[in-house]
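Protein chains in written order, with this note's numbering: chain A, 1 to 323; chain B, 1 to 379.
The set of hints was computed from the structure by calculation and includes no laboratory data. Quick caveat, the model's predicted, so the values are computed rather than measured. Incorrect hints may appear among the rest.
[Unchecked claim] Computed spacing ranges between beta-carbons, pair by pair:
#, chain 1, residue 1, chain 2, residue 2, range
1, B, Gly37, A, Ala122, 20 to 26 angstroms
2, B, Pro328, A, Phe59, 55 to 61 angstroms
3, A, Pro169, B, Glu49, 57 to 63 angstroms
All C-beta atoms in this analysis are idealised placements derived from N, C-alpha and C, irrespective of residue type, glycine included.
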Amino acid sequence: MDIFNIIIQTLDSTLRLSVPLLLACLAGLYSERSGIFDIGLEGKMLVGAFAGAAAASVFHSAFIGLGMAILISISFAMIHGFASITHRGNQIVSGVAINFIAAGSTVILGQAWFQQGGRTPALAEGERFSPITLPGADAVKDVPVLGHLYSELLSGHSLIAYIAFAMVPITWWVLYRTRFGLRLRAVGENPAAVDTAGISVTWLRYRALLCTGVLTGLAGAYLSMTQNGGFVKDMTAGKGYIALAALIFAKWKPVNAMFACLLFGFLDALAIRLQGTPLPIIGKVPVQFMQALPYILTVVLLAGFIGKAIPPRAGGVPYVKER
Amino acid sequence: MSTPYAKLPAWADYGLIPLINLAVAFIVAGFVVLLVGENPFRAAAILVEGAFGRGQGIAFTLYYATTFIFTGLSVAVAVHCGLFNIGTEGQAYIAGLGVAVVCLTFDATLPWWLTFPLATLAAAAMGALWALLPAYLQAKRGSHIVITTIMFNFIAASIMVYLLVGMLKPVGSMAPQTRIFLEGAQLPKLNWVIELFGARVRSAPLNISFLLALLMAFLTWVLIWRTRLGYEIRTYGHSPKAARYAGISETRIIIITMMISGALGGMMALNPTMGDQHNVAIDFVSGAGFVGIAVALMGRSHPVGIVLAAILFGMLYQGGAELAFEMPAISRDMIVIIQGLVILFAGALEHMFRPSIQALFASFSPKSVGMAAAKGKGA
């Protein structure tokens, strides 16, 4: 029973830790599938987290916070679009720039507005997204195994967490079953063909970045308004890059993305749980190794040693209309 | 890749456009200062005064510039080959291991002028090695160098943290850093050079690695524009297809370029460790590798431009520290914003003002932009 509890707890924190990764990963999926590399996921999450927590604490409403998070994330996505679509700038350079602007401005504005060393005030009950108890969770709590799984593992997450996992089938549907999705995939592979068909490459890519902005905003809001009751300097701590790694790991496919994020979330949860406890056989595993594992796995995957990750063909190349 | 823009005279291309981009970046930064509720002009005055007002400030500015010359050159060499080395940060961090090993081994026995070259070699070797794997993977397995080098940054950070809280830490100490290096691994200061000009320097970490940085800038210029290898690098950067056609080995050129880039990035580790803190501490690179990206973009990947851009960023770092002291609302993070804006306007949006400047030039003298004088005749 004890081991069962430990497993449930580890899986539960796996879910929690993979939510922001999943949202950011799906965000990256929209933009990269349309042929826009996005190193700036990290920065967009960070401004989302800051805007969400700041607005929530000023207006005392979690939903205004969420709206603000999404709005600001979108505007940063639009800067990326303006640089890399309209002005055909280097997409990687633009992403790097966004990460710096985000890292600096969140602290400067946070300090100027709240005077708490770059933090936002701690969010009260109604200003953050509290856990939702799924219907019947309390009733089945005592049913062994299944009831336990339902009430402990599946129930009790915040609204954004459920949205994140709902986004997986939705993204799949959008990508493979709608006209927009077909065009999105096409513009990432061969924008000239899309252009020839009379569809605006620019407008399509901007819409893709719009989706990216919404999802990174959600991811940021989850960090500052669910996982943590307020914004802390640099709180994304490389999650945007792990999401990028997960996206490659998932070979740019939505369902794979979920599993990749769950895997990376699990590694993170395991690293926290195993801190200092020696494993049987292997002995003590350094925390740093567990933390580096997602990156190492991604490098190995990218090198083509476990399957081959082939990015969208037009990724990273600005589209110049024939003239 | 063909640029969809007509040519401008060289002075406009290398002087005017970067200056306009820089000016716009600073104007936007000024708005952020305004948003915070401070006077941007006063802030700028404090910044410049803090960086160049006294000998002390100048020495600090050049100390920071040393670091950024190394990282800027590192990014620039890769750029000439068409590679985006975002991993300078990690290469410099891991090079700290090379410095630590050399210094901890020899600091009691050898004088600094022997430890310094050894440490330089070790740092360069570690940086180059850390760039080797991403380069190999790009050349042979086709994995994107940007992604691999990002991953390697994180892996480097993990390794260094592991070593600094473990093996490299002296017994009984809590701080995650090596012991203080003895005299044999402390670089001589260069502050007397500034004092020659009559300014006074109390204590600043400007050290001999500044000269190494200038030497490396010169050698980079020689390499890129005066050697066969440099020619091959530029050819590959311009057109990989043409390079292949000319019989240049793709694998060889990518791996060599990235190793040079990594070595230059690695040498950055000398300045803060042997030059200033006299130990290797956790996170001693603190983003200098990323500043290198901004410096390389600003400097148009030319060593002269890089030295100037590095001094500019050194000024921002030193002046920014003074600014944070005078205006508490503006912390060092302001520099991070400026850095981001410079990367945005000088890098990603470098073509934004080009069409209008071209139009301006064309209206004054059509010849200067390479347009035929008879404009009205139609296509």
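Do the hints match the structure? See the list:
The hinted range of 20 to 26 angstroms is satisfied by Gly37/B and Ala122/A, whose Cβ atoms lie roughly 24 angstroms apart. Distance hint check for Pro328/B and Phe59/A: the Cβ-Cβ separation is about 27 angstroms, which falls outside the suggested range of 55 to 61 angstroms. About 59 angstroms separates the C-beta atoms of Pro169/A and Glu49/B, a value consistent with the hinted range of 57 to 63 angstroms.
This entry does not satisfy hint 2, going by the numbered hints stated previously; all others are met.
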